[in-house]
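Enquirer: Produce the complete structure using the sequences and hints provided.
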Amino acid sequence: MIERSLIAWFALTAVSVLYVAWDTYRNNPEMVVMKYGFILVTLFMGPVGACVYVLSCKPPVPRDHAAFVNPLWKQAVGSTVHCLAGDATGIIVAAAITMAMGLVMWHDLLAEYALGFGFGLFVFQALFTRQMLGGSYFKALRKSLYPEWVSMNAVMAGMIPTMVVIMSRDMTSMHPASLRFWGVMSIASTVGFFVAYPVNLWLAGVGLKHGMGTVLALGEGGHSPEMEGAPAMAMAHDSMPAGATRQQRWAMAVLSLVALWAGVLLAAWGGDLTMSPSSGMAGMPSAIHPMPPPNSQP
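The sequence shown stops at residue 339 when you use my numbering, and every number in between is there.
Derived from the structure by calculation, the hints contain no laboratory data.
Watch out, some of these pointers could steer you wrong.
Distance windows between CB atoms, simulated [stated by the list, open to error]:
(1) Leu186 / Arg45: 42 to 48 Å
(2) Leu151 / Ser177: 28 to 34 Å
(3) Ala309 / Pro88: 29 to 35 Å
(4) Met142 / Arg290: 34 to 40 Å
Model, not experiment: these values are computed from the prediction.
Ideal placement from N, C-alpha and C gives every residue a C-beta, glycine not left out.
Expert: Spelled out as structure tokens, the structure:
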């Protein structure tokens with residue numbers, strides 16, 4: 042039953058990814074980095090990701106894209122998509138590698154955090170947004186460090202307990218060759234997205250992170266930014282006013298760490314941080330049943 046449900050889910054995911062990829066490149070004037078972001082997020086979240094794309098980034102008329110993505114809640118969706126696309130890619134790759142190696146869960150979580158944060162910061166944030174900051178990779182890296190870190194903490198606060206609790210109850214889902222593993226990753230990514238959204242709402246609202254951009258407002262076709270009426274938030278990262286005080290940044294950093302620690306505690310309470318794929322295999326019945334010994338003859 043579970044396998045059939047997963048097959049149906051991944052079939053819907055494939056259709057969703059194809060739709061988002063086709064529509065975002067054919068009909069949507071959003072920035073290229075957001076095209077990558079929505080495709081990856083839909084790959085991770087399935088039809089849920091496609092719904093997020095349609096509701097937040099697909100205007101009825103492409104030329105109205107800048108005005109359509111203007112509301113803060115949509116800017117926050119774009120910020121969260123950008124975060125999850127990078128972080129979840131690193132997290133899932135790390136999980137597949139460490140679980141294939143048979144490492145225990147808490148080792149896996151450390152690797153997931155490191156690779157997820159590294160890929161999100163060095164690739165999806167700094168590399169893909171450097172053009173907004175005059176082409177300087179190191180300037181983009183410096184400006185992306187804080188928002189990426191607090192957002193990553195929130196993503197992991199949602200993903201850690203989801204993965205650990207489910208896998209503790211079904212250790213076959215710890216094996217990358219199993220459909221259940223990818224099902225758990227999909228559920229965990231979806232939970233991580235919604236847990237990270239409030240943090241990204243704050244980051245986008247105070248100008249510490251870009252939201253949803255449009256190439257029309259960036260001068261790559263269409264009308265000028267003034268004619269588009271696009272907010273500064275939708276045009277360039279470094280043009281956004283940093284509206285957060287140092288105390289507010291510290292407060293959000295503390296809250297993100299509290300959320301991360303709460304996620305770890307929830308995982309430890311509802312699951313087993315010392316389990317490993319090998320322990321799961323030990324508890325599985327053998328697929329080959331030995332022949333019973335022949336009856337002894339008198």
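Enquirer: Verify the CB-CB distance for methionine 142 and arginine 290 against the hinted window 34 to 40 Å.
Expert: Holds, at about 37 Å.
Enquirer: Kindly confirm whether 29 to 35 Å is satisfied by the beta carbon distance between alanine 309 and proline 88.
Expert: Once the Cβ atoms are compared, 32 Å apart, the range 29 to 35 Å for proline 88 and alanine 309 holds.
Enquirer: Assuming the hint says 42 to 48 Å, is it satisfied by the Cβ distance from leucine 186 to arginine 45 or not?
Expert: holds, 44 Å
Enquirer: Falls inside 28 to 34 Å, the C-beta gap from leucine 151 to serine 177?
Expert: Taking Cβ atoms as reference, leucine 151 and serine 177 lie about 31 Å apart, which means the hint holds.
Hint compliance for this structure: no hint is broken.
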